[in-house]
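Asker: Each chain, letter by letter, is given below.
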Amino acid sequence: MAKLKLKTHVINREWCKGCGICVHFCPKKVLELDEFEKVVAARPQDCICCKLCELRCPDLAIEVQTEQD
Amino acid sequence: MGGELRFVQGNETCVEAALYAGLDFFAGYPITPSTEIAELMSSRLPQRGGRFLQMEDEIASICAIIGASLTGSKVMTATSGPGFSLMQEGLGYAIMAEIPCVIVDVQRGGPSTGLPTKVSQGDINQARWGIHGDHAIVALTASNHQDVFSITVDAFNFSETYRTPVILLFDEVIGHMRERLEVPEPGEIHLVERLKTSVREGVDYHPYLQREDGRLPMSDFGGVHRYNVTGLFHDMWGFPSENPRVVHELMRHLMDKIENHVDKMTRYREYFVEDAEVLLVSYGSSARSSLHMVTDRRQHGEKVGLLELQTLWPFPSALVREKARNAEYVVVVEMNMGQVLQSVKASVERPERVFLANRVDGTLITPIDIRNILRLIQGKGV
Amino acid sequence: MAVRDYIRERFFPHIWCPGCGHGIVLNGLVRAVDHLGLKKNDIVMVSGIGCSSRIAGYLDFHTLHTIHGRALAFAIGVKMSRPDLTLLVPMGDGDALSIGGNHFIHACRRNIDMTAIVMNNRVYGMTGGQFSPLSGHGTMATTAPYSNIDQEFDVVTLATAAGATFVARATAYHVQQLPDILEEAIRHKGFSVVEVMTPCPTYFGRKNKEGSVVKMMDNLKTGTTPIGSKAKQENPSLIERGIFVKKEMPEYCAEYQKIIERAMKGM
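Protein chains in written order, with numbering that gives the first Met the number 0: chain A, 0 to 68; chain B, 0 to 381; chain C, 0 to 266.
Certain hints may be false.
Unchecked claim - Straight-line alpha carbon distances no greater than 25 Å define the calculated BS3-like cross-link-like pairs of lysine-lysine that follow:
{"no.": "1", "chain 1": "C", "residue 1": "Lys245", "chain 2": "C", "residue 2": "Lys257"}
{"no.": "2", "chain 1": "A", "residue 1": "Lys16", "chain 2": "C", "residue 2": "Lys245"}
{"no.": "3", "chain 1": "A", "residue 1": "Lys28", "chain 2": "C", "residue 2": "Lys220"}
{"no.": "4", "chain 1": "C", "residue 1": "Lys214", "chain 2": "A", "residue 2": "Lys50"}
{"no.": "5", "chain 1": "C", "residue 1": "Lys220", "chain 2": "A", "residue 2": "Lys50"}
{"no.": "6", "chain 1": "C", "residue 1": "Lys264", "chain 2": "A", "residue 2": "Lys16"}
Think of the hints as simulated: they come from the structure by calculation, not from any bench.
Could you build all of it, start to finish, from the sequences and the hints given here?
Answerer: Next up, the structure:
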């Protein structure tokens, strides 16, 4: 399979409850919680599109969109 | 009438009537004195492609029939007192979620394990108030097999019409007694089928939005409309709501849809009521003894009459008040400590003239018992 | 895939606490259903009572939110009437195995085709943190202030002994396996049990000083191991995950269909 290329992280700030699971378990430390305790993609250039954040989000608040999607 | 003649138990009659009404699904758990209903269902239902399930207990039984009803099936369970106690939670759910189903309680002596093989009519008020929370309920009974048949069909019809559970309160004597039954021909008794929604696929369907007549057309689970069913107070889409207005309106609807149709649901028989100075009010097997006593005393010129109730809930207060108007005494004949007595007293103009003739020892009250009690009431001695 | 195709978006954000593992189960389940290509009209979800039960309201299937512990009994009624439908029965640990324990073992025994998902967070969350039959000896709870003396069930062992023909364990941490296991469970023709270990940071975590949900997720990672792994031999306290049982047995609805055929022939 071709290597996935990131288009964008679609983050639903209304749904995010700031639990921090995605931030902690991101293998490339792409994500951070902002001053409102909402997730943001601080280093999108490091994203390897593993989508673990999307799968692990209890609030369905993250979608990793790739060029291949 | 012109159907097949049978010599059967009341429990068997109930089965025949349920099948006549179009029963598709039965789930139950063995318990005396209702077990014959489950046994017969296990044999008869699959013969017509229906389904019988013996569940792990009565709780599961009522839950299973509610689940089956949601797919569009006509459903029933049968039990007796202890099992009926276990079913209360599921019964409340069916009331709240407005799921048609029929629950048979062949009454035996209670409380607790009580008198498993003996007759009683002690569950009348449990049928009314066994579940928690305000609600209205439909409970029917009968005293002879021909009436057991028709009232069972009525139970299904009311259940479908009002989207509500209906309780059939038989008793051990009716359930086990054998007598003649003339099975009605197909089409002889009108059957009410499930009111299905006419809302087409892709159009918003509101499972709990009443029509003008108060009825709720259903969409089967597995059909084109996906919706939510819950035991929580809910909005017209079936989703939980704590909005005071939504809660109030649902409570009113659940009460009104039953209480405003008492007339349509009232079934009764009357014997020599017109000029009766003493009016007996009875139901189920005790009404048989009452009728015997009344016909006997009429031959001796005594002005005794009988009002036999078949609809116990919603209580036909107006009917009882009307029939009792000219009676000097009203005697409620029942095999409990006075459960229908209370409703009769609350209905009539002169409650102080209402008396109880009962037996609570597991033995059928006899015509002589009733006569003796009546003589005591009249101050004549036994 | 579009998660939004399967959820009732108007009810989001959902009521679960920050970090609640139930949302991860919801997430994984949607992916399993999507991958299976099931039509939403063919899925009936039946839930009980508790935090877990709320999952039904969030999914755009035919959803039946029932009473505490009884979800399987309702589901059996639905399935027997419409064997063609796919039944998903998410339950909490107290829901499935305390108040619903009897229904659970009998559903296993019957081998009726449906998927029971035990969302095991080891606590009664909706009522505020009481111990459940899966909390375990020595845990703390609002009803075990001096520590819990109740031993816990092992869901996998219990379901296996009761006769379930598909038994698996997954966790909210192992999110790549979770949809795969759920998918295989749904595909299995018979009664499937999937225990999903999920964190309840609000009650279980706080009472048992497990730290943040991140720490609890870490515990799921380090405290579990694939079935039959070498790690398990070295450290028997590790909890195994994966598919424990997968066997063919007569399925209940299919068996009943044979009864109907026999009855119709008068045999």
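Asker: Now tell me if each hint is right for this structure.
Answerer: Do the hints match the structure? See the list:
1. Lys245(C) - Lys257(C): holds (24 Å)
2. Lys16(A) - Lys245(C): Measuring from Cα to Cα gives roughly 38 Å; hence the hint is violated.
3. Lys28(A) - Lys220(C): holds (18 Å)
4. Lys214(C) - Lys50(A): holds (21 Å)
5. Lys220(C) - Lys50(A): The hint holds at about 18 Å.
6. Lys264(C) - Lys16(A): violated (61 Å)
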